[in-house]
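Given only the sequences and the hints, what does the whole structure look like? Please build it.
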Amino acid sequence: MTKTSFLKRDEAVGFAILALIIFIVFPLMLDDFRLNLFGKYLTYAFVAVGLVLCWGAGGILSLGQGVFFGLGGYCMAMFLKLEASTPEATAIQSTPGIPDFMDWNQISALPIWWQPFNSFGFTVLAILAVPALFSLIIGFAMFRRRVGGVYFAIITQAIAAIATILIVGQQGYTGGVNGITDLRTLMGWDIRPDSAKTALYFVNAVLLFACLFIAMAIRKSKFGRVLVAMRDAEDRVRFSGYDVASFKIFIFCVGAMMASVGGAMFTLQVGFMSPTIVGIVPSIEMVIFCAVGGRHSLLGAVYGALLVNWARTTLSESFPELWLFGLGGLFIAVVLAFPNGLAGLYDDYVKPRLKLSRRNHAAKPSNPQLAE
Amino acid sequence: MADHKKAPFPAMSRRAILAGGAAIGASLFLPKGLRAQDFPTDQVNTTGLAVTDDTVQVGILHSISGTMSISETGSVQAEKLAIEQINAQGGVLGRKIETIQEDGASDWPTFAEKARKLLVNDKVASVMGCWTSASRKAVLPVFEQHNGMLYYPTFYEGLEESPNVIYTGQEATQQIIAGLDWVAREKGAKSFYLLGSDYIWPRTSNKIARKHIEDKLGGEVVGEEYYPLGHTQFNSVINKIRLKKPDVIYAIVVGGSNVSFYKQLKAAGIDMTEEAPLLLTISVTEDEIRGIGGENIEGAYACMKYFQSLENENNKEFVAAFKEMWGDDMVIGDVTQAAYLGPWLWKAAVEKAGSFDVDKVREASPGIELTTAPEGYVKIHENHHLWSKTRVGHAMADGQYEVVFTTDDLVEPDPFPEGYQ
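Heads up: the sequence lines are chains A and B, in that order. For the first sequence, our numbering assigns the number 1056 to the initial residue and increments by one for each residue that follows. For the second sequence, our numbering assigns the number 12 to the initial residue and increments by one for each residue that follows.
Be aware that a few hints might be false.
As the list claims (entries may be wrong) - Pair by pair, the computed Cβ-Cβ distance ranges are: (1) A/1295 <-> B/81: 31 to 41 Å; (2) A/1070 <-> B/340: 57 to 67 Å; (3) A/1271 <-> B/65: 30 to 40 Å; (4) A/1377 <-> B/301: 18 to 28 Å; (5) A/1383 <-> B/306: 34 to 44 Å; (6) A/1383 <-> B/244: 43 to 53 Å; (7) A/1385 <-> B/340: 27 to 37 Å; (8) B/302 <-> A/1240: 42 to 52 Å.
In short, the hints are calculated from the structure, not lab data. Every residue gets a Cβ at the ideal spot worked out from N, C-alpha and C, and that includes glycine.
Here you go:
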């Protein structure tokens, strides 16, 4: 871990720069199409921020964050799908008024567990509560038994695989491989035009900053310090009388809820949800976003998600037959050349120079803060 | 019905065209009146598509990475061949087609992203693309919102009729009913065992098959089972089949699972050449047989609209041109041929409309005929699917099908079949 001391002012400046980029630079520089793409990239930043808390601060590497991303996305998609499946819009089906994929699978009535998703209030609650509950169960089962490290990572990966198989297999209830598609309106508001996509981009950005502030608050609190202590010497924390498992469960739940909010925003901006976003590969990609950004840095996670996804889009547009190699090269470069990601680069190269130049302006020593 | 034997372009010029020495040949065969200067750009393109005085841009959107790339490569190749041939003939309304290829990467959100990119940023005049239903469902709202035109090549489950898609493959009833009728009539089949991979296409297809077997043929379905995509253990279902002794195994297994299924069937002592039970599939084209191995599926029957072995002049031309462009070891399956139709159907519609505008192309599309299709003659129906013949092929050990039956008439596409829902 890099024990760098940093100023509160640095943090504020960092936040301000990111806000400037997301709220002003992107909307001014990018056309509607690109802005919507960046909105999609930013939904992955929610997951990456959650991973910085779990993995960077707490040392819990989860390779199953796609599951929580998917839970949020599916909750939102279910609400939107029900709204789109009015009896008039689905008059051609054997059973009008239910989602089209249910009709194709010979289901003739809306399942009971779908019905609460007619309510937007319930849906918002579910987006937060379902992943929280699910991660609580996983966390309880794992951390109480002191399962950790690589074993925990493998189990979360298995959960991602199981979730995909379950969704694909239960296609009458979930839309199967196709996912839940053709979503149209959110409480009467058409989410498909460019104007709506732009509005959603800003909603997304505001929510992301809310998550960043929550994450920052957690890191600054005593709880955050216990987390770091736990990561570095779990037994010592336990012997000091702390209930290590509860701390881990809590932070795992927070990470899951953040991923879920990202998933819900993904559904709104992309217009559908499918099992390809839930499985092992996307879950590992989410860890890569976090690693590229720097797993110890909250802001770095956002930049990581943006950079990797932007590179993926740009490379695949320019070199449709070779882009995977380019992306692979980028990951190898990250691991070999700068293991602490973008944030590590900043800490090692940019910050010392900034500090130096600032010292020259005002020779005042800085207050050492808790390590990032 | 129109003349089936007209080649896509005069046979004697094919080599010259493909060799690139086409300038003279192409201008000779350029249909009169289709010179770009006769169609000023501001008149043929009123909606700001990527059309200039001498070029028009068209998108190709398939997976060239990820699990679906094996299946979709043939479609990309066929589309590129068709576009090259069209250009050699002078292009569309005198304009050369330029392609912009994007990789859907076997990932549905990526398909949606790339479709938006092609329509919004590149303003392509049409898109040839998608393969799985899931990818089509993902891009459909994008095409409807931005008013694009998609030419979709795969045989699929139906239940869809978008004004922004031309479906160049068969929908489920076209593919299924003729085959079941044939097996009941010619082979006296009474009992059927339905099985498939677990997703929308096999399930919908089997739903239609079951209705047809029970209501129209007076037969019996003795079993119906589904396995997850990628499933490789078929021993339990094979045992059930041996127990139930159906006349026909009706198999809609897709992708890699096919390899295990047919090998295990053979290993379990079910020799398909004995036809007891007979195996009828709608999911195994020549492409899949390359993976399965001809000797493992010899004797099975497949029901679709195109086989590489079709005996007609159009097809001979097509197969030769395809192999010349992409290599002698290439095989051509049903979907590859359907993908080849896309650019030709689009060209015909544009020239009928005298415009690249999507609305005008859509209006002109129903009734468009193609006498030069490798499968024979096709025509676009009001519902944007193709009238086409359905054929039954008998799998040979060399990986090809021998065509044993062709419907007399074109089969009408019926994506929302009454009585089969």
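Does 31 to 41 Å hold as the CB distance between residue 1295 of chain A and residue 81 of chain B, or does it fail? For residue 1295 of chain A and residue 81 of chain B the Cβ distance comes to about 57 Å; the hint is violated.
Quick check: does the Cβ-Cβ distance between residue 1070 of chain A and residue 340 of chain B fall within 57 to 67 Å? About 59 Å separates the Cβ atoms of residue 1070 of chain A and residue 340 of chain B, which means 57 to 67 Å holds.
Whether the CB-CB distance between residue 1383 of chain A and residue 244 of chain B falls inside 43 to 53 Å: 33 Å, violated
Using the beta carbons of residue 1271 of chain A and residue 65 of chain B, state whether their distance is inside 30 to 40 Å or not. Taking Cβ atoms as reference, residue 1271 of chain A and residue 65 of chain B lie about 57 Å apart, which means the hint is violated.
Range hint 42 to 52 Å (beta carbons of residue 302 of chain B and residue 1240 of chain A) holds or violated: At 44 Å between Cβs, range holds.
Can the suggested window of 34 to 44 Å be confirmed for the beta-carbon pair residue 1383 of chain A and residue 306 of chain B? Since residue 1383 of chain A and residue 306 of chain B have Cβ atoms about 38 Å apart, the given range 34 to 44 Å holds.
Range agreement (Cβ of residue 301 of chain B with Cβ of residue 1377 of chain A, hint 18 to 28 Å): 25 Å, holds
Starting from the hint 27 to 37 Å, judge whether the C-beta atoms of residue 1385 of chain A and residue 340 of chain B obey it. 35 Å, holds
Hints 1, 3 and 6 from the earlier list are contradicted by this structure; the remaining hints agree with it.
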